[in-house]
Each structure stands twice: as C-alpha cells, then as structure tokens.
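Asks: Sequence:
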Amino acid sequence: MTVFTFHLAKTKIRTTAGALCCSPSGQQISGLIHAECMAKMTLGAPILSPARMQLHHLAMFAAWDSNAAIDDFLGGAKLGRELATGWHVRMAFQRRWGQVSEFGGLAECVGEQDPAAPVVAVTLARLKLLQVPRFIRWGKPVEELVRDHPGTTLAIAAMRLPRTVSTFTVWNSLQEMGDMVHGQSRVPRPARHADAMVERQRKDFHSEFTTLRFRPTAEYGEWEGRTPIIPSISGEPSVA
1 MTVFTFHLAK
11 TKIRTTAGAL
21 CCSPSGQQIS
31 GLIHAECMAK
41 MTLGAPILSP
51 ARMQLHHLAM
61 FAAWDSNAAI
71 DDFLGGAKLG
81 RELATGWHVR
91 MAFQRRWGQV
101 SEFGGLAECV
111 GEQDPAAPVV
121 AVTLARLKLL
131 QVPRFIRWGK
141 PVEELVRDHP
151 GTTLAIAAMR
161 LPRTVSTFTV
171 WNSLQEMGDM
181 VHGQSRVPRP
191 ARHADAMVER
201 QRKDFHSEFT
211 TLRFRPTAEY
221 GEWEGRTPII
231 PSISGEPSVA
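Per this note's numbering, the sequence shown starts with residue 1, numbered consecutively.
Among the hints, erroneous ones may be present.
Label-pair ranges, simulated between beta-carbon atoms [what the hints assert, rightly or not]:
1. 21 to 99: 33 to 39 Å
2. 202 to 21: 20 to 26 Å
3. 182 to 99: 17 to 23 Å
4. 76 to 2: 16 to 22 Å
5. 207 to 66: 27 to 33 Å
6. 14 to 182: 40 to 46 Å
7. 181 to 99: 31 to 37 Å
Hints in this document: simulated from the structure, not taken from any laboratory.
Cβ coordinates follow ideal geometry from the N, Cα and C atoms, glycine included.
Let's have the full structure, built from the sequences with the hints guiding it.
Replies: This is the structure in structure tokens:
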C-alpha cells in the first residue's frame with residue numbers, strides 16, 4: 001500500500017535551492033514513487049514579502065511504496081538526513097478531487113472516514129502563468145480563511161517557481177474541514193473558499209489541480225517547537 005508523507009525542515013538556502021531545482025526521484029531513491037520539493041510559504045502573507053517564499057524552510061510531499069523506504073531515505077540520503085531534523089507526518093490516502101499527472105493513478109475514494117476523526121488535506125496545482133493575478137485575487141482571502149480557522153492545527157502553503165503551488169492543512173476533524181469547504185463554518189466571511197471554487201469552475205486558474213485527503217497514521221519530530229501537531233495520535237518515536 002502506498003504511504004504518503006509531508007515533511008517540513010529548516011535548511012540552508014543552498015539545500016532548499018538544490019531540492020527545488022532537482023527533487024529526488026525513484027531512480028535515485030529506492031521505494032520513492034514521486035516527490036514534490038517546495039519552499040514553505042506563509043498563508044495570507046503580503047504578496048511582495050519574504051514570507052511568500054522561505055528558502056530556509058523546505059517542504060516535501062511524497063509517495064512511497066513502504067514505510068521502510070521512508071526510513072531508509074531519512075537515514076541514508078543526504079536530503080533525507082536534512083529533512084529528518086524537522087517534522088513529518090505519514091498518511092494513508094482517502095480521497096481525490098481533480099488530478100495532477102504525477103498522482104494520476106489514485107482512485108477517487110477508497111473508503112469513508114469518521115467525521116470526528118482528524119484529517120490532512122494537501123492541494124497541489126500547476127498554475128497558468130497568465131492567470132496568476134486572478135489566482136492571487138481569489139486565493140489570498142482563502143489563505144486567510146484557512147490560516148485563521150479554529151479547526152486547523154497547522155496550515156501552510158508551499159511553492160516551486162514558476163508554476164507549482166501547494167497547501168498543507170491538518171484539521172481537528174473531517175467535519176470542520178468540510179464545513180470550511182462548503183462555507184458553513186462559524187467564522188467571519190465563511191464563504192470565501194466556496195466563492196473561489198465557483199470562480200475556478202468559471203475559468204480555471206490552473207492547468208492541473210488536485211485536492212487529496214489523507215488519514216494521518218504517525219508523526220515524527222517537531223516543527224517550530226510544536227509536537228504533537230496531529231490530533232489524537234500518540235505518535236511513534238521521532239526519527240533520529
């Protein structure tokens with residue numbers, strides 16, 4: 001069964017830049033199906049701000065053929081050892097909306113989940129460069145909604161120039177995430193996400209876009225002094 005991971009680590013700028021230019025591949029790393037390396041971005045940050053592309057913070061979203069492959073990467077590969085100094089979550093796939101070619105083999109749904117259970121959502125998109133102004137206009141209010149939502153325990157974005165953007169959010173429950181998506185949360189301006197999705201359907205911002213939902217299975221390490229980040233998971237020993 002495929003295991004997915006999302007990693008966050010503080011790195012040297014040259015490490016992040018190298019990973020952005022050349023993400024690890026299955027030809028280099030045994031058991032790796034696909035990896036997306038990106039620079040962390042603060043949701044809702046001003047557009048012209050260093051917080052928009054933090055080259056000292058590396059994010060990686062990846063699919064693996066086993067937990068053993070992840071352990072070997074984190075313990076043996078140079079980039080893996082860098083990522084092992086930070087935090088990561090391991091996840092089981094649950095549901096897909098849309099499609100990005102690198103993850104095109106995923107089913108739409110593999111089973112139902114308890115609405116009260118914690119959930120992780122990852123979006124991954126390839127922007128149409130001419131649509132960037134529209135994407136910023138509609139996307140920034142959504143960033144602020146997700147960033148400030150009481151149902152999240154962690155909400156970040158990540159990017160790789162020129163076209164790849166992603167979000168990573170950890171939710172206390174599937175119910176809270178669903179309420180946000182459909183504009184039913186008890187927060188100011190709850191329809192920001194729903195309105196942006198209507199606009200995307202009218203005229204797409206992306207050449208490819210997918211939202212992936214996962215069941216978190218274990219987390220390792222800490223991020224900015226925080227652990228645990230995943231609700232209701234006791235966690236396994238951190239990777240050394």
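Asks: Decide, hint by hint, whether the structure agrees.
Replies: Hints, verified against the model:
1. 21 to 99: 33 to 39 Å: Because 25 Å falls outside the window, the suggested range is violated.
2. 202 to 21: 20 to 26 Å: Hint violated: Cβ distance 35 Å, outside 20 to 26 Å.
3. 182 to 99: 17 to 23 Å: Since residue 182 and residue 99 have Cβ atoms about 22 Å apart, the given range 17 to 23 Å holds.
4. 76 to 2: 16 to 22 Å: holds, 21 Å
5. 207 to 66: 27 to 33 Å: holds, 32 Å
6. 14 to 182: 40 to 46 Å: holds, 43 Å
7. 181 to 99: 31 to 37 Å: Violated: the Cβ-Cβ distance is about 18 Å, outside 31 to 37 Å.
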